[in-house]
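Visitor: Could you slot chain B onto chain A? The hints should help.
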Amino acid sequence: MAASFGVSSAAAANAVKSPALSPPSLPVIRSEARPISCRVNKSRKAGKITTKAVAAQAENPASAASKPGHEVLLFEALREGLEEEMERDPRVCIFGEDVGHYGGSYKVSKGLADKYGDLRVLDTPIAENSFTGMAVGAAMTGLRPVVEGMNMGFLLLAFNQISDNCGMLHYTSGGQFTIPTVIRGPGGVGRQLGAEHSQRLESYFQSIPGIQMVACSTPYNAKGLMKAAIRSENPVVLFEHVLLYNLKERIPDEEYVVSLEEAEMVRPGEHVTILTYSRMRYHVMQAAKTLVNKGYDPEVIDIRSLKPFDLYTIGNSIKKTHKVLIVEECMRTGGIGASLTAAINENFNDYLDAPIVCLSSQDVPTPYAGTLEEWTVVQPGQIVTAVEQLCR
Amino acid sequence: MACSATAKIIHNPLVLSSSRSAEKYESCCKISGPSSLLGSKFLGKKLLSAKSAISLASRRSGAVVAVSSDVVKEKKVKSGSSAASNLLITKEEGLVLYEDMYLGRAFEDMCAQMYYRGKMFGFVHLYNGQEAVSTGFIKLLKQEDCVVSTYRDHVHSLSKGVPARQVMSELFGKTTGCCRGQGGSMHMFSKEHNVLGGFAFIGEGIPVATGAAFTSKYKREVLKEDCDEVTLAFFGDGTCNNGQFFECLNMAALWKLPIVFVVENNLWAIGMSHLRSTSDPQIWKKGPAFGMPGVHVDGMDVLKVREVAQEAIGRARRGEGPTLVECETYRFRGHSLADPDELRDPAEKARYATRDPITALKKYLFENNLANEAELKAVDKKIDEIIEDSVEFADASPVPARNQLLENVFADPRGFGIGPDGKYRCEDPKFTEGTAQV
Numbered sequence: 001m002a003a004s005f006g007v008s009s010a011a012a013a014n015a016v017k018s019p020a021l022s023p024p025s026l027p028v029i030r031s032e033a034r035p036i037s038c039r040v041n042k043s044r045k046a047g048k049i050t051t052k053a054v055a056a057q058a059e060n061p062a063s064a065a066s067k068p069g070h071e072v073l074l075f076e077a078l079r080e081g082l083e084e085e086m087e088r089d090p091r092v093c094i095f096g097e098d099v100g101h102y103g104g105s106y107k108v109s110k111g112l113a114d115k116y117g118d119l120r121v122l123d124t125p126i127a128e129n130s131f132t133g134m135a136v137g138a139a140m141t142g143l144r145p146v147v148e149g150m151n152m153g154f155l156l157l158a159f160n161q162i163s164d165n166c167g168m169l170h171y172t173s174g175g176q177f178t179i180p181t182v183i184r185g186p187g188g189v190g191r192q193l194g195a196e197h198s199q200r201l202e203s204y205f206q207s208i209p210g211i212q213m214v215a216c217s218t219p220y221n222a223k224g225l226m227k228a229a230i231r232s233e234n235p236v237v238l239f240e241h242v243l244l245y246n247l248k249e250r251i252p253d254e255e256y257v258v259s260l261e262e263a264e265m266v267r268p269g270e271h272v273t274i275l276t277y278s279r280m281r282y283h284v285m286q287a288a289k290t291l292v293n294k295g296y297d298p299e300v301i302d303i304r305s306l307k308p309f310d311l312y313t314i315g316n317s318i319k320k321t322h323k324v325l326i327v328e329e330c331m332r333t334g335g336i337g338a339s340l341t342a343a344i345n346e347n348f349n350d351y352l353d354a355p356i357v358c359l360s361s362q363d364v365p366t367p368y369a370g371t372l373e374e375w376t377v378v379q380p381g382q383i384v385t386a387v388e389q390l391c392r
Numbered sequence: 001m002a003c004s005a006t007a008k009i010i011h012n013p014l015v016l017s018s019s020r021s022a023e024k025y026e027s028c029c030k031i032s033g034p035s036s037l038l039g040s041k042f043l044g045k046k047l048l049s050a051k052s053a054i055s056l057a058s059r060r061s062g063a064v065v066a067v068s069s070d071v072v073k074e075k076k077v078k079s080g081s082s083a084a085s086n087l088l089i090t091k092e093e094g095l096v097l098y099e100d101m102y103l104g105r106a107f108e109d110m111c112a113q114m115y116y117r118g119k120m121f122g123f124v125h126l127y128n129g130q131e132a133v134s135t136g137f138i139k140l141l142k143q144e145d146c147v148v149s150t151y152r153d154h155v156h157s158l159s160k161g162v163p164a165r166q167v168m169s170e171l172f173g174k175t176t177g178c179c180r181g182q183g184g185s186m187h188m189f190s191k192e193h194n195v196l197g198g199f200a201f202i203g204e205g206i207p208v209a210t211g212a213a214f215t216s217k218y219k220r221e222v223l224k225e226d227c228d229e230v231t232l233a234f235f236g237d238g239t240c241n242n243g244q245f246f247e248c249l250n251m252a253a254l255w256k257l258p259i260v261f262v263v264e265n266n267l268w269a270i271g272m273s274h275l276r277s278t279s280d281p282q283i284w285k286k287g288p289a290f291g292m293p294g295v296h297v298d299g300m301d302v303l304k305v306r307e308v309a310q311e312a313i314g315r316a317r318r319g320e321g322p323t324l325v326e327c328e329t330y331r332f333r334g335h336s337l338a339d340p341d342e343l344r345d346p347a348e349k350a351r352y353a354t355r356d357p358i359t360a361l362k363k364y365l366f367e368n369n370l371a372n373e374a375e376l377k378a379v380d381k382k383i384d385e386i387i388e389d390s391v392e393f394a395d396a397s398p399v400p401a402r403n404q405l406l407e408n409v410f411a412d413p414r415g416f417g418i419g420p421d422g423k424y425r426c427e428d429p430k431f432t433e434g435t436a437q438v
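Keeping their order, the protein sequence lines are chains A and B. Residue numbers 1 to 392, in full-length UniProt numbering, belong to the letters of the first sequence in order. Residue numbers 1 to 438, in full-length UniProt numbering, belong to the letters of the second sequence in order.
Here chain A stands alone, though its shape is the one from the complex (with noise of 0.2 Å):
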């Protein structure tokens, strides 16, 4: 189903900035790669980045993962999240259609019914709504589910309960209850898959108060973010993409999680910003070849965190560059990039050069036809046509 993409996205792993909520025995890998153990050092210092995109991550010899590591899919990565959790908190727990004994749909449960029941990896009926608000009931009474829409899509079902009870009862309770679940899924366009499944819920679920979200692209950031996610306290939508389970890259052997309000720088650069998440990132590296053997020097930075967005890094970058592109899949009408474009506006207004430029899909149903489909969404092409005209 989805093309297999054979480079590893290894500037990802050097980029990564101190996580959060670390344990203290936790090694982290530092924008300088410098390995730093037990207490995590808090001061975000603006990062000598050691390598450029391409670079493998095995070359870089300071790096805490001196160790090789080993090679995932990023739907191995999720699982191998998923599993680390479990292992260190009995109180972790999945539900969804086909997560246990189907092993997932896109097998990101698979064995972990085998190995933790039929409780802890509970099969549920086609009762979207219903189960979410089980995971939040769950939630309020000690559990820590994780709950998966079999496809993002479906969690349309699951509104009421997401923006209602997972979005606000810890504030409607006084801060009594918390909501510690994380609800997962793939979403985004894939490969015909119709316009019901292929659907981006960024846009929706981005108003409700008291939902985080985020969005993981590489088996590095998204093992790191399952791990981050259920660790945190807050409700988290972790949103997937269809296309990107089956990205190939080596992880760190050792325990690991990311931040999950920070921002991933892919790859530095002088001459303009390109914020992007999720699926868009490829084709934004894709067209930065290109772009690259032109002449030009993007930045591209993936915002991962859709909700707060990392203002730090993205202000950091725009004052270096004054220039702003914002490539998603999401939908042009209230989408995550128009919420960018607004914050951005709002902050760094001084620094721009140039009005905002966001290429974000076409406002319609998914199309099933490919041709139909491929204009849908950004291609490399138009991105490069937008970074030239915005660097005229």
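One thing to keep in mind: the hints can contain errors.
[To be verified] To give an idea of the chain B side of the interface with chain A (calculated C-beta under 10 Å), a few residues: (1) L87; (2) A106; (3) G177; (4) G184; (5) F189; (6) S190; (7) G197; (8) I206; (9) N241; (10) G243; (11) W255; (12) N408.
Rather than coming from a laboratory, the hints here were simulated on the basis of the structure. By construction, the Cβ of each residue, glycine as well, lies at the ideal position given by its N, Cα and C atoms.
Guide: Chain B alone, transformed into the frame defined by chain A:
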């Protein structure tokens, strides 16, 4: 599909004579004269869609009762012409029940007063008339058991043990309220007393209750803790047409969750009569369709409710699974304080007024020499003082300050720092740590 639990037949003391089918067990429930269906029949005549209502009501004749579905093996109770042929409660229990019901009634009456005096606002839904259900069920629970309710949740919270002061403050919107003034009438939560809300959308709380019951089962089977906590989900007749209700009945029965679904069937969903909106108005029947016992009980009689509750809660504690209990009850006031309550037939209201649960319990206590006038008056006085005190406390409490606005949005607010000027704290390199300072 037989379950090993038993349920009792409860006899309705107001049962009419004639075809008394108390000893027979059939799947269909026959509802007698004084019950709601006849009342609705009269109303039905006034409404255009009367036909179905009338035909439905006229199909029912004769007496009875609370019947349980044929899924449950029945055990017959000593038949007597009155409900309490042997004493069902002790004096202490009787006083506890009376006190709790009177607390609920007095509190709600005070709410109405305060509302019209402009001390509380918004949508306030009062529980007058339904006290027997709350008291009958919740007084059998331990502190660790959970209760989930709807917007008509003041009395459920009080019965569960939330102090009247905290509930009244919450209604006034003060910081000393159980939810710091952030919830309001429809969102009563208490972690200490395990009241899991308070939900404004009907049906929204049922999955939450199912989840709490799931935690109980999880603790027992996965975490190997000694846990027999039970969850009660209270909701109304209108909710029983909602998808979440059915989805949760399915899941609870499937996994044998320790939960009791308590339907407070007061026949009205704001202005929509239960008969006009439901194809089969006998809600208890929907239990066996999912593999759990369905029981119908007279919700105006606290002793009957208590008996059924004991059985249902006992079933859940023993791990035998959920029960659906339909309590036939009535609310004496309108849907909310904003409801003019013009649609309901005054004759129906009058009929139910004669079945006031507090009066009925009083009568029972006197007749069986469990308490005398003076003792009950003392209870009344004590409760009245508690209510007065709660109002004074709420009045004197401070309103929330500005800095409370952005607290508690996130349990873990790192990264969501909003600065004093309302903007993102993005200039602060440490914004991803610590709690949001506003």
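Visitor: Each hint: holds or not?
Guide: Structure-based check of all given hints:
A cut of 10 Å between beta carbons decides the hint on L87/B: the least distance to chain A is about 37 Å, and the hint is violated. With a cut of 10 Å, the hint placing A106/B at the interface with chain A is violated, because the nearest CB-to-CB distance is about 25 Å. Given hint, G177/B at the interface with chain A, holds; its Cβ is 7 Å from that chain's nearest Cβ, closer than 10 Å. Taking 10 Å as the C-beta contact cut-off toward chain A, the hint placing G184/B at the interface holds, the least distance being around 8 Å.
A distance limit of 10 Å between C-beta atoms decides the matter here; for F189/B the minimum to chain A is near 4 Å, and the interface restraint holds. For S190/B, the interface hint holds, since its Cβ comes within 10 Å of a Cβ in chain A; the closest pair sits about 7 Å apart. The interface hint given for G197/B is met, as the beta carbon of that residue sits about 7 Å from the closest beta carbon of chain A, less than 10 Å. Because the beta carbon of I206/B sits about 7 Å from the nearest beta carbon in chain A, less than 10 Å, this interface hint is met.
Violation of the interface hint for N241/B is found here, the shortest Cβ-Cβ separation to chain A being roughly 15 Å, above the 10 Å cut-off. Interface restraint check for G243/B: the shortest CB-CB distance to chain A comes to about 7 Å, inside 10 Å, so the restraint holds. Against a cut-off of 10 Å between C-beta atoms, the interface hint on W255/B holds, since the closest Cβ of chain A lies about 8 Å away. The interface hint given for N408/B is met, as the beta carbon of that residue sits about 4 Å from the closest beta carbon of chain A, less than 10 Å.
Checked against the numbered hints above, the structure violates hints 1, 2, 9; every other hint is satisfied.
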